[in-house]
Amino acid sequence: MIRLQNIEKVYRTDTVETLALNSISLDIAKGEFLSIMGPSGCGKSTLLNIIGLLDIPTKGEIKIDEQKTDSLSDKQLANFRNKKLGFIFQSYHLINDLKVLDNVELPLLYRESSAKERKDLASEALGKVGLSNRVKHFPTQLSGGQKQRVAIARAIVGRPEIILADEPTGNLDSTMGNEVMDILLNLNKSDGTTIVMVTHDENMAKKTHRLVRLFDGSQVQ
Amino acid sequence: MFKHLLTLIWNKKKQNLLMIAEVLISFLVIFALSTLIVFYYLNYRKPLGLEYENVWVVSYSNPLKTENGDSLKLFYKDLLNTVEALPQVKKTGFCSNNIPFYQNTWSGSLKGNGKEINNVDNYWVDENYQDVLHVKLISGRWFTKDDVLAKQKPILINQKLEKELFGKQSALGKLVDEGNRKIIGVVEDVKAKGDYSTPKVSMYMKVDTGSWHFIQRLLVKVSPNADAAFEGRLYKTIAGMMKNSNLEIEHLVDKRKSINYFSLVPMIVSLIVAVFLIINVALGLFGVLWYNINKRRGEIGLRRAIGATGKSVSSQLVSESMILATLSLVIGTFFAIQFPLLDVFDLPKEVYLIALVLSILFIYLLVFICSLYPGKQAAAIYPAVALHEE
Ligand SMILES: Nc1ncnc2c1ncn2[C@@H]1O[C@H](COP(=O)(O)OP(=O)(O)OP(=O)(O)O)[C@@H](O)[C@H]1O
Ligand SMILES: [Mg+2]
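Here the protein sequences line up with chains X and G, keeping their order.
The opening residue of the first sequence carries number 1 in the numbering used here; numbering runs sequentially from there.
The opening residue of the second sequence carries number 222 in the numbering used here; numbering runs sequentially from there.
Just so you know, these hints were derived from the structure itself, not from any lab.
The beta-carbon is built from N, C-alpha and C at its ideal position, and this holds for glycine as well.
Be a bit skeptical, because a hint or two may be false.
What the simulated footprint calls covered on chain G by chain X, stretch by stretch (three residues with Cβ under 8 Å from a Cβ of chain X suffice, anywhere in the stretch; the number is not a length) [claimed, not checked]:
{"no.": "1", "region": "224-238"}
{"no.": "2", "region": "359-371"}
{"no.": "3", "region": "516-523"}
{"no.": "4", "region": "530-537"}
Below, in silico cross-link-like pairs of lysine-lysine (DSS-like), each with a Cα-Cα straight-line distance of 27 Å or less [stated by the list, open to error]:
{"no.": "5", "chain 1": "X", "residue 1": "K99", "chain 2": "G", "residue 2": "K478"}
{"no.": "6", "chain 1": "X", "residue 1": "K75", "chain 2": "G", "residue 2": "K421"}
{"no.": "7", "chain 1": "X", "residue 1": "K75", "chain 2": "G", "residue 2": "K478"}
{"no.": "8", "chain 1": "G", "residue 1": "K233", "chain 2": "X", "residue 2": "K116"}
{"no.": "9", "chain 1": "X", "residue 1": "K116", "chain 2": "G", "residue 2": "K234"}
{"no.": "10", "chain 1": "G", "residue 1": "K478", "chain 2": "X", "residue 2": "K84"}
{"no.": "11", "chain 1": "X", "residue 1": "K30", "chain 2": "X", "residue 2": "K75"}
{"no.": "12", "chain 1": "G", "residue 1": "K421", "chain 2": "G", "residue 2": "K478"}
{"no.": "13", "chain 1": "G", "residue 1": "K224", "chain 2": "X", "residue 2": "K136"}
{"no.": "14", "chain 1": "G", "residue 1": "K234", "chain 2": "X", "residue 2": "K99"}
{"no.": "15", "chain 1": "G", "residue 1": "K532", "chain 2": "X", "residue 2": "K63"}
{"no.": "16", "chain 1": "X", "residue 1": "K99", "chain 2": "G", "residue 2": "K516"}
{"no.": "17", "chain 1": "X", "residue 1": "K116", "chain 2": "G", "residue 2": "K532"}
{"no.": "18", "chain 1": "G", "residue 1": "K421", "chain 2": "X", "residue 2": "K119"}
{"no.": "19", "chain 1": "G", "residue 1": "K234", "chain 2": "X", "residue 2": "K136"}
{"no.": "20", "chain 1": "G", "residue 1": "K532", "chain 2": "X", "residue 2": "K99"}
{"no.": "21", "chain 1": "X", "residue 1": "K119", "chain 2": "G", "residue 2": "K532"}
With these hints in hand, go ahead and build the complete structure from the sequences.
Here's what the structure looks like:
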């Protein structure tokens, strides 16, 4: 359902040019659970951003459901991210001025939904990540692991077809990490959600269907 | 979305206080200024109440060494006839020195209908005054020569005084001043202190034998082509009759200009001050919004990532500003309406009301304009970049 062809990403600053991704081609099938590994700075987050259409590759092409994506309008892109994608960011990106429940409701605000629907869906998502007792807290009042789980709840609340998770277990202890992994595995199995996950943990990667290794922007496996 | 924004604003009340205070203060300044402007404008829209073109004012000091009213009267009658005989003169009339557009005032109180009205402008005029200045008669009649014979001294009052004394009733024929004076006519209000002033309650009394010793002004209505040469001739004619008098001829056109200028100065000064203040406030607002948006790049990136379009991000930021402005305006309006409620400055209520509406619109416009550009910038933030920075 997602096809990357010869993706190249170059970051240019005034002084340096970084080749973050070098000729990456990748096919991700519907319902697949893919993990990406590689050393820090090898381009994993960049790749995830490009898959999620948050960033534009310098070269190459992304097709989603056989459709080219380079000519999508701002509105179409927003709609795609809202309906089809769930992002779990490496650094959570919660809004500190909103309570946990409001943070989780956020993606639903950008589609047609009633206040009650939003509340119900958000509560349900928070239940899945085991945070039902923290809905009225602000993110600053939560531990790192709890924030991570709020971010997961926000990613799954809109029932997306694809979840892009950037080290979702990176900040969790092994028990917590396994719980989060189970949530993702369950989403993949029962709902058929396509998941692309960046991880540093070989054990986690083993539980997924396929592993892609990056090194210095190039695909090595 | 609206409720979401309210929640967001409420949760950030501390940070938002600065902006609310800033908008509140600028609102109050704008309100004060627009009250002044509206007041002046509404006054300006009202008729002047007289015709001042081609009216010259001759000021003289009393040349005769007599207090005898009859001989004074004879002398001035002679003077008036001589001046009126000049070719360019249409009409002349004597009056007290509180001529419209002059700074002089002469006021007293008037009792009538069981009331006493203070601060009534007293104008001493003769029967020609009307033909010179064309004060508009609303009802009744102007003075005539025969008025000296009347038992009760005839007076005219203006509409404002009629309303204060008698309400909706007509004042015509009513006795005032404990039965000593009779109202024979009502005239239109005159904006005696210039185009931007409000008319005061006024009464007109006829110059009589007893008043000649303090009458030192002669109004001369001349034809439109009367020039400086004629003014010289007029001066010489009068000077010839009043040997020891200090003579001065002024034009009502000029007096009107200068008194208008006089009342405009405070307005222009406050306008300049206000413009600087508004620029300051606008820059401040702009700065606060700009700062907020830069502080919220991560949030903006996130919203884009979960499905906000650039447009909805910018309209969110503009809406937030507008909601904050509304909060300030609610507080500001509470303060502003105290002025008409407590009648602080004795201005008509409609002045405050119009000023209030104008200031609210102005503030909304200001906040809207100031948030437009930062909002647009926010929409242009690239999601991946904003998220990366956090
Ligand atoms: N916005 C940017 N501007 C310039 N360079 C960037 C930008 N984003 C990433 N890079 C560079 O691109 C390379 C890949 O970055 P990326 O964040 O994808 O690494 P990563 O594999 O996710 O690392 P980590 O495991 O530490 O999260 C790095 O060298 C990084 O410095
Ligand atoms: Mg990364």
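Going down the list of hints, with the structure as the test:
Against chain X, the region 224-238 of chain G contributes 6 residues with a C-beta closer than 8 Å to a partner C-beta. That satisfies the three-residue criterion, and the hint holds. Restraint check on the region 359-371 of chain G versus chain X: 0 residues with Cβ-Cβ distances below 8 Å, three needed, restraint violated. Figure legend: the region 516-523 of chain G, annotated as covered by chain X; annotation consistent (4 residues with Cβ-Cβ distances under 8 Å, at least 3 required). By the rule of at least three residues with a Cβ nearer than 8 Å to a Cβ of chain X, the coverage given for the region 530-537 of chain G holds, with 4 such residues.
Using a Cα cut-off of 27 Å, the hinted pair X:K99 and G:K478 is violated, with the two alpha carbons roughly 65 Å apart. With a C-alpha separation of about 64 Å, the suggested pair X:K75 and G:K421 falls outside the 27 Å cut-off, and the hint is violated. Among the hinted pairs, X:K75 with G:K478 is inconsistent with the structure: their alpha-carbon atoms are about 61 Å apart, more than 27 Å. Between G:K233 and X:K116 the CA atoms are separated by roughly 24 Å; this keeps the pair inside 27 Å, and the hint holds.
Between X:K116 and G:K234, the direct Cα distance comes to roughly 26 Å. Compliance with the 27 Å bound is thereby established for this hinted pair. For a cut-off of 27 Å, the pair hint linking G:K478 to X:K84 is broken: about 73 Å separates their Cα positions. About 24 Å separates the Cα atoms of X:K30 and X:K75, which keeps this hinted pair within 27 Å; it holds. With a C-alpha separation of about 20 Å, the suggested pair G:K421 and G:K478 falls inside the 27 Å cut-off, and the hint holds.
Note on G:K224 and X:K136: the hinted pairing holds, with a Cα-Cα distance of about 16 Å set against a maximum of 27 Å. A hinted pair counts as satisfied when its Cα atoms are at most 27 Å apart, and G:K234 with X:K99 qualifies at roughly 14 Å. For the hint pairing G:K532 with X:K63, the CA-to-CA distance comes to about 25 Å; that is within 27 Å, so the pair holds. Proposed proximity of X:K99 and G:K516 is supported: the alpha carbons are some 19 Å apart, at most 27 Å.
The suggested pairing of X:K116 with G:K532 holds, with an alpha-carbon distance near 26 Å, which does not exceed 27 Å. Pair hint G:K421 plus X:K119 does not hold up; C-alpha atoms about 65 Å apart against a cutoff of 27 Å. Simply put, G:K234 and X:K136 have alpha-carbon atoms about 18 Å apart, close enough for the 27 Å limit, and the pair holds. In summary, the hint linking G:K532 to X:K99 is supported, as the alpha carbons are separated by about 25 Å, within the 27 Å threshold.
Restraint check for X:K119 and G:K532: satisfied, since their Cα atoms lie roughly 25 Å apart, inside the 27 Å limit.
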